[in-house]
Amino acid sequence: MRGDDDLASASLTRLVALALEHDEAAWSALVDRVHRVAWKAINLVTGDPDIRDDAFASTMLRLAEHLGAIREPEKLPGWLAVTASREAIALSIADRRRVSRTIPFDDPVDGESPDEAPDHLVERRDAVSIVRRALATLDSTCRELLTLLLLTDPPLRYAEISDHFGRPHGWVGPTRERCVDKLRRNPTVASLLEPRPA
Amino acid sequence: MTDTPADDDFLRRLAAALDDDLDDVPHHLLAFAHRAGEWMVVDDVLATMDTAPVGAMRALDDEQRSTTFAAPPYTITVSLRAGTLVGELSPPPHPGVAVETLQAVTEVDVDERGRFRLPAVESPFRLRVRTDDVRITTPWVIG
Numbered sequence: 001m002r003g004d005d006d007l008a009s010a011s012l013t014r015l016v017a018l019a020l021e022h023d024e025a026a027w028s029a030l031v032d033r034v035h036r037v038a039w040k041a042i043n044l045v046t047g048d049p050d051i052r053d054d055a056f057a058s059t060m061l062r063l064a065e066h067l068g069a070i071r072e073p074e075k076l077p078g079w080l081a082v083t084a085s086r087e088a089i090a091l092s093i094a095d096r097r098r099v100s101r102t103i104p105f106d107d108p109v110d111g112e113s114p115d116e117a118p119d120h121l122v123e124r125r126d127a128v129s130i131v132r133r134a135l136a137t138l139d140s141t142c143r144e145l146l147t148l149l150l151l152t153d154p155p156l157r158y159a160e161i162s163d164h165f166g167r168p169h170g171w172v173g174p175t176r177e178r179c180v181d182k183l184r185r186n187p188t189v190a191s192l193l194e195p196r197p198a
Numbered sequence: 199m200t201d202t203p204a205d206d207d208f209l210r211r212l213a214a215a216l217d218d219d220l221d222d223v224p225h226h227l228l229a230f231a232h233r234a235g236e237w238m239v240v241d242d243v244l245a246t247m248d249t250a251p252v253g254a255m256r257a258l259d260d261e262q263r264s265t266t267f268a269a270p271p272y273t274i275t276v277s278l279r280a281g282t283l284v285g286e287l288s289p290p291p292h293p294g295v296a297v298e299t300l301q302a303v304t305e306v307d308v309d310e311r312g313r314f315r316l317p318a319v320e321s322p323f324r325l326r327v328r329t330d331d332v333r334i335t336t337p338w339v340i341g
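Which chain is which? The protein sequence lines are L and D, in order.
If you count by the numbering used here, then the first sequence holds residues 1 to 198, one letter each, in order.
If you count by the numbering used here, then the second sequence holds residues 199 to 341, one letter each, in order.
These aren't lab readings, by the way, just hints derived from the structure by calculation.
There's no promise every hint is true.
[What the hints assert, rightly or not] Which stretches of chain D does chain L cover? Using the computed rule of at least three CB atoms under 8 Å from a CB of chain L, they are: (1) 203 to 209; (2) 227 to 233; (3) 266 to 272; (4) 279 to 291; (5) 302 to 312.
[Claimed, not checked] Okay, the calculated beta carbon distance ranges per label pair: (6) D:329 / L:139: 22 to 32 Å; (7) L:21 / D:270: 23 to 33 Å; (8) D:330 / L:139: 39 to 49 Å; (9) D:226 / L:25: 16 to 26 Å.
Beta carbons are placed, not taken as given, at the ideal position from N, Cα and C, and that holds for glycine.
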């Protein structure tokens, strides 16, 4: 008989396979394993609580919708980070335009900047809001690449980044370096990592 | 080529700061996530959308929005105005269409020209089409 411990230690590949057989416990275990990646990605896009909640719910629906099409379940966290980020961006844009929209998993939202929440919606000036504001100043490639790098553990390797963006291997190094450097040179982000006075 | 150690250290420290500061997912959202498995699609063909920007419902005017789903050979064009969904399915013969929300699945009648209509459609919704040889599901549309 399978116990909860078996699911808690199961690989993502195993959890996805079981969930696709409509194993409810496996689906719950899968959600428990990966949901925080989506939550973090969304919070790096918006501080608006309504958009944040809607983006999380729609990301979970897309996960269920696309689970059968996921070819490499071990890469699910990276895929979920990008999906959640795009859902939040799309909902932020839709909120601005007051139109209905839905964003399939593979569709970038190039040319659009994520909505930055009004100051009164930013609950406190914490690491999440600081990084969110810093990412919002960057181009969409850097935003997506840095989101992936920050939310995947271990961070994606060059080959995986190359696959994700559909770019040659040689594109990865300079782009990664450029994007990380932009974020690091943001003075507020830099101050976030300075040692705090005792 | 290897990652730059200084970059790796910066990303690692920043990721840790994010993790420390971010609150947990609210309970009601996590409960929804656990329930979302009920809407899993395993064997259906997932339709694509052709609106621009890709994936968006197109605003026809201040109140009406539209999009077209494709799952060859079928296309389904839908518009939404004040919660009423009007659609057209092609080509014939026209199989049944169901409109699914998080609360219910409603079978709708399709006329001889492939048209269908359903009032009071709640968001999010998706369409499910069953033909003789394939089942088609559209992405969730958040209206």
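Cross-check of the supplied hints:
no.	hint	result
1	203 to 209	holds (count 4)
2	227 to 233	holds (count 5)
3	266 to 272	violated (count 0)
4	279 to 291	violated (count 0)
5	302 to 312	violated (count 0)
6	D:329 / L:139: 22 to 32 Å	43 Å, violated
7	L:21 / D:270: 23 to 33 Å	28 Å, holds
8	D:330 / L:139: 39 to 49 Å	48 Å, holds
9	D:226 / L:25: 16 to 26 Å	21 Å, holds
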